[in-house]
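Novice: In case you want the letters, here they are:
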Amino acid sequence: MTVVETSGLTKRYGNGVLAVDSVEMSVRRGEVYGFLGPNGAGKTTTLRMLVGLIRPSSGTATVAGHPPGDPSGLAKIGSLVEAPGFYPYLSGRENLKVVADYASISHKRVEEVLDIVELTSRAGRKFGSYSTGMKQRLGVAAALLKDPELLILDEPTSGLDPQGMAEMRKLIKDIGQGNRTVLLSSHLLPEVEQICDRVGVIRSGKLVTQSTVQELLGEEGVLVTAQPVDRAFELLKTMFGVAAVSRQNGSIRLQTDPAGSLEINTRLMAAGIGVSELRPIERSLEEAFFQLTGEKQGS
Amino acid sequence: MIASIKAEWRKLRFRPAFSVSAGLIAGITVLFYSLNWYQALHPGARDRGGVVSILTLFPDQFVNNVMGAAFPIGAAIAIVLGAIYAGSEFSWGTLKTTFTQRPGRLSVWTGRAVMFIFWMGMLAMVLFAAGAVMSVVVASFQGHAITWPAIGDISKGFGAIWLAFTVEGAIGLALGVLIRQSAAALGAGLIYILAVELIAVRFIDSINNGAYQWIGNLFVGQNVNALSQSFTSPAFGRTVAPAIGAEQAVLVLIAYGVGLMIVAAVLLRQRDVT
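Going down the list, the protein sequences come from chains D and G. Residues 51 to 349 (the numbering used here) make up the first sequence, in order. Residues 62 to 335 (the numbering used here) make up the second sequence, in order.
Isolated chain D (complex conformation) (with noise of 0.2 Å):
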């Protein structure tokens, strides 16, 4: 069952820029998908449009059962679409009470939510003496004030030092157990590998893929280096077939399970071939990422 489902998603602007063009997107129930991107993808455009910030120029989306910012969905969407909005003069709890009384919550879940973002103790400051770290954790709460269904975190850990990004990534993966689903849009693409389910890549506007993070790292392989290669490229074509076996700048690459490297290593050594590497084959999310969306790596 699909919590939201967009159909020809499309956001031109007034200026003619075209931010999102007919994006299908579909995030099933109960799972953290994780929505990929360049800076100037789309990402935050799609979201705002998700959360009824924006409306769509064309195409439709049901989020939490409802169209976009109807007041019946919104009671479902907890969200932190970038920088967190909040009252300067106000403090952190007194923030959060006016966030519930908008949301008819009873202010009691203020205190539940302070608790869950670690920010009890500090909730009597004033929001604009806020850290960028507690700001984001404001965020959160604020996100979480309603329980909701469905979490739509962008860019949670936008400008967090790295142990206020660990933080953060221990955060939401403790809220996204359970039956919640978390729409997470971000950059941090180790983290979106550990957390997320799901990922859809988006560039220029466009929903260039959407699967499992498996799906997208590609099948599991060995990397095989040995001497001489020629005959140890024929010794493991007859082990694993032809179609599973290809050579790679001066390596062999299997498909197949690398729980199987010690029967390879055995059996490559008993035809007095030498082997100096044998290793699995892992395509990070971050090199899946570059490929998909035509950015290169390091740049």
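These aren't lab readings, by the way, just hints derived from the structure by calculation. Not one of these hints is a red herring.
The calculated DSSO-like cross-link candidates involving lysine-lysine, where the alpha carbons are at most 30 Å apart (straight line), are: (1) D:176 with D:223; (2) D:185 with G:67; (3) G:67 with D:176; (4) D:176 with D:220; (5) D:158 with D:185; (6) G:217 with G:67; (7) D:176 with D:126; (8) D:223 with D:158; (9) G:67 with D:126; (10) D:220 with D:126; (11) D:126 with D:185; (12) G:67 with D:158.
FRET-style restraints, in silico, Cβ to Cβ: (13) G:294 with D:122: 54 to 62 Å; (14) D:90 with G:255: 41 to 49 Å; (15) G:85 with D:182: 33 to 41 Å.
Some, not all, of what chain G presents toward chain D, calculated at C-beta under 7 Å: (16) 64; (17) 68; (18) 71; (19) 155; (20) 159.
On a predicted model such as this, the values are computed, not experimentally measured, just so you know. We treat Cβ as the ideally placed atom computed from N, Cα and C, and that holds for glycine.
Add chain G to chain D, keeping to what the hints say.
Specialist: Okay, now just chain G, sitting in the frame of chain D:
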């Protein structure tokens, strides 16, 4: 809408602008009474219209006296408050926080408008309270009997000043929503009410020997002035009768207030929150 009003009240009661504006209104009233009291006791600049009768400073005249706060001081304060109340929601990014909660946009705006009108009522109350207290102080020092205006006159005066503050504030509110920030909105509002409108009215009045004066009579400032000038008494000496009747001024101001609130609501409802 009740949820929105509750949330707006929580925001407003802690807002420094709320207490600062109330203090400012009270301070200006005290200063106004003090200077006029001094002037009444030390007449010296009759040729520059500096004559103040001590009779105007006693409690029975306090309603007529405080009506002078409607324009331009009250207008300036109300426009500034309206502009920062609406504009700061954009600059702080709090509009997106409120719009992604349960109530719809119109419900949020209605709650905000209701609380702003309440805020203007509180300012009117502070103005009346400060005026009443100062009139008692003056009467006590001067050994004059303390008698109050009829409750009907107090209510009418309070309603008039509340309406004036609300409409002037609505200019700031609408500009804050239109421009989506506080500073430019309050600048534009002040320039309009203190300069542009006055120049425009003078120009319109001068065309064809005043043939189009009725157009000038439709401007906000003219109607606020006419309404405040309708509260007078013989103690204030001879005054020029306002060009606009009080009833007409009330109707025009209500039309402005409702119109500006609707324009702001439509803008908020239709536009993207980026």
